[in-house]
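Q: As a plain string of letters, each chain reads:
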Amino acid sequence: MLGLGADLLWADMNRLLAFLFHQGVLDEQFLQLQQLQDETSPNFVSEVVNIYFHESEKLLRNLRGLLMEREFSDYKKMGIHLNQLMGSSSSIGAKRVTNVCLAFRAATDHNNRSGCLRALEMLEHEYCYLKNKLHELFQIEQQRVLAAGVRYPVQNN
Amino acid sequence: MAGGEVLRQNLPEKLEESPSGANELHVLAVDDSLVDRKVIERLLKISSCKVTVVESGTRALQYLGLDGDKKSSIGFDSVKVNLIMTDYSMPGMTGYDLLKKIKESSVFREIPVVIMSSENILTRIDRCLEEGAEDFLLKPVKLSDVRRLKDFIMKGEVKEGEKRCCKRSRSEDCSPSPMTHPCDSSLLSSLSSSSVLSPLSPSTLSSKKSRL
Chain A
241 MLGLGADLLW
251 ADMNRLLAFL
261 FHQGVLDEQF
271 LQLQQLQDET
281 SPNFVSEVVN
291 IYFHESEKLL
301 RNLRGLLMER
311 EFSDYKKMGI
321 HLNQLMGSSS
331 SIGAKRVTNV
341 CLAFRAATDH
351 NNRSGCLRAL
361 EMLEHEYCYL
371 KNKLHELFQI
381 EQQRVLAAGV
391 RYPVQNN
Chain B
2 MAGGEVLRQN
12 LPEKLEESPS
22 GANELHVLAV
32 DDSLVDRKVI
42 ERLLKISSCK
52 VTVVESGTRA
62 LQYLGLDGDK
72 KSSIGFDSVK
82 VNLIMTDYSM
92 PGMTGYDLLK
102 KIKESSVFRE
112 IPVVIMSSEN
122 ILTRIDRCLE
132 EGAEDFLLKP
142 VKLSDVRRLK
152 DFIMKGEVKE
162 GEKRCCKRSR
172 SEDCSPSPMT
182 HPCDSSLLSS
192 LSSSSVLSPL
202 SPSTLSSKKS
212 RL
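Going down the list, the sequences are from chains A and B.
Start counting the first sequence at 241; every next residue gets the next number (the working numbering).
Start counting the second sequence at 2; every next residue gets the next number (the working numbering).
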């Protein structure tokens, strides 16, 4: 029965992944990251993603800080933060976040402050969604590993 | 080619088997993004390369001993790098600046330098290739990119070995190093015509190989 639990969790994980792919939240670069995970580096994906979360939140705070300035004009600086966020989002396969960054960058190219504000809101929203979903994914993965681990001693063949 | 095959059989398989791992490819990777450093490091390790990752062009030059303070040859003897992979957009010294510095160095100009960028800008790619970059990879970099790069570099190392063996057994000079070559117009045109998304596409690889 514990084995069945592990299998069900595996199915849940795959269902969630498939959903995220279908929604365009993740792309094949995320799969590439999973391919880089093995016994020698069993937590690679969560390690990289956690670094990404940490960096992204800093960048998002910087972006909001800049836009909230009364005398805001430093579109170039905003562009730098944005490029960093876009680069790392693309590196982990966060497709929707990357796309919103692109739209955001277009707004900075045109010095369009209200466009930037709208894009930032969308970016914050997409980022939150991504973070929640990835946490969910990692939770299921953790449970699955636990369930699969306990399975072997009670296996009867 | 029969000649090449005979030579290869007579060569000790320097790069293939070595218990000490001393003949693993040593790659120096340069990127200001921590996420990207983690990924490229893993890509290279999983491809059985020895990896040194640094966060800037300045650090890369320091590592190589090229930072201008002490151009000591001691640095070169202890640092053997087979490939340098650098991000293009970095604060301060860009990947392009780093590429130029390396190609200006008599000691390190033979090392292949690959530029990585998330931007598919043709003028940028051309600039880098003209400056002597071995290749230009579009980010995010994949395992298949690293594998193809590694194969390409390893073949170059074998040919270097052949050249050395050739010099030992005969007194006449062999052909120049396969690793440095001027920008090839056929390579550029193949890049311009196809989507530049994977410069290491079979067509560009074969055009490079034909020049070796």
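These are calculated hints, taken from the structure and not from any lab test.
All of these numbers come straight from a predicted model, not from anything done at the bench.
The reader is advised that the hints may include incorrect statements.
Stated by the list, open to error - Heads up, simulated DSSO-like pairs for lysine-lysine below, C-alpha to C-alpha not over 30 angstroms straight-line:
| id | chain 1 | residue 1 | chain 2 | residue 2 |
| --- | --- | --- | --- | --- |
| 1 | B | 101 | B | 46 |
| 2 | B | 143 | B | 102 |
| 3 | B | 160 | B | 104 |
| 4 | B | 156 | B | 46 |
| 5 | B | 81 | B | 156 |
| 6 | B | 81 | A | 371 |
| 7 | B | 46 | B | 160 |
| 8 | A | 298 | A | 317 |
| 9 | B | 143 | B | 101 |
| 10 | A | 373 | A | 298 |
| 11 | B | 51 | B | 143 |
| 12 | B | 46 | B | 81 |
| 13 | A | 371 | A | 317 |
| 14 | A | 316 | B | 46 |
| 15 | B | 143 | A | 373 |
| 16 | B | 101 | B | 81 |
| 17 | B | 104 | B | 51 |
| 18 | A | 371 | B | 143 |
| 19 | B | 156 | B | 143 |
| 20 | A | 316 | B | 156 |
| 21 | B | 102 | B | 156 |
| 22 | B | 102 | A | 317 |
| 23 | B | 51 | B | 160 |
| 24 | B | 143 | A | 298 |
| 25 | A | 316 | A | 298 |
| 26 | B | 160 | A | 298 |
| 27 | B | 51 | B | 81 |
| 28 | B | 101 | A | 317 |
| 29 | B | 151 | B | 104 |
| 30 | B | 46 | A | 373 |
Q: Evaluate each hint against the coordinates.
A: Each hint, compared with the structure:
1. 101/B to 46/B: 27 angstroms, holds
2. 143/B to 102/B: Given that 30 angstroms is the threshold and the Cα spacing comes to 27 angstroms, the pair holds.
3. 160/B to 104/B: 21 angstroms, holds
4. 156/B to 46/B: OK: residue 156/B and residue 46/B at ~19 angstroms, within 30 angstroms.
5. 81/B to 156/B: Holds, at roughly 17 angstroms.
6. 81/B to 371/A: 41 angstroms, violated
7. 46/B to 160/B: Within the cut-off at roughly 24 angstroms; holds.
8. 298/A to 317/A: 14 angstroms, holds
9. 143/B to 101/B: Holds, at about 25 angstroms.
10. 373/A to 298/A: Distance ~20 angstroms between residue 373/A and residue 298/A Cα, so the pair holds.
11. 51/B to 143/B: 17 angstroms, holds
12. 46/B to 81/B: The given pair, whose Cα atoms are some 17 angstroms apart, holds under the 30 angstroms limit.
13. 371/A to 317/A: Distance ~25 angstroms between residue 371/A and residue 317/A Cα, so the pair holds.
14. 316/A to 46/B: 36 angstroms, violated
15. 143/B to 373/A: 24 angstroms, holds
16. 101/B to 81/B: Holds: residue 101/B and residue 81/B sit about 19 angstroms apart, inside 30 angstroms.
17. 104/B to 51/B: 22 angstroms, holds
18. 371/A to 143/B: Holds. Residue 371/A to residue 143/B sits at ~23 angstroms (cutoff 30 angstroms).
19. 156/B to 143/B: 20 angstroms, holds
20. 316/A to 156/B: Answer violated: residue 316/A to residue 156/B is near 43 angstroms, above 30 angstroms.
21. 102/B to 156/B: 25 angstroms, holds
22. 102/B to 317/A: 27 angstroms, holds
23. 51/B to 160/B: This hinted pair holds, its Cα atoms lying about 21 angstroms apart.
24. 143/B to 298/A: 26 angstroms, holds
25. 316/A to 298/A: Satisfied, since the Cα-Cα distance of roughly 17 angstroms is no more than 30 angstroms.
26. 160/B to 298/A: Judged against 30 angstroms, a Cα distance of about 48 angstroms means the pair is violated.
27. 51/B to 81/B: Given that 30 angstroms is the threshold and the Cα spacing comes to 11 angstroms, the pair holds.
28. 101/B to 317/A: 26 angstroms, holds
29. 151/B to 104/B: 20 angstroms, holds
30. 46/B to 373/A: 29 angstroms, holds
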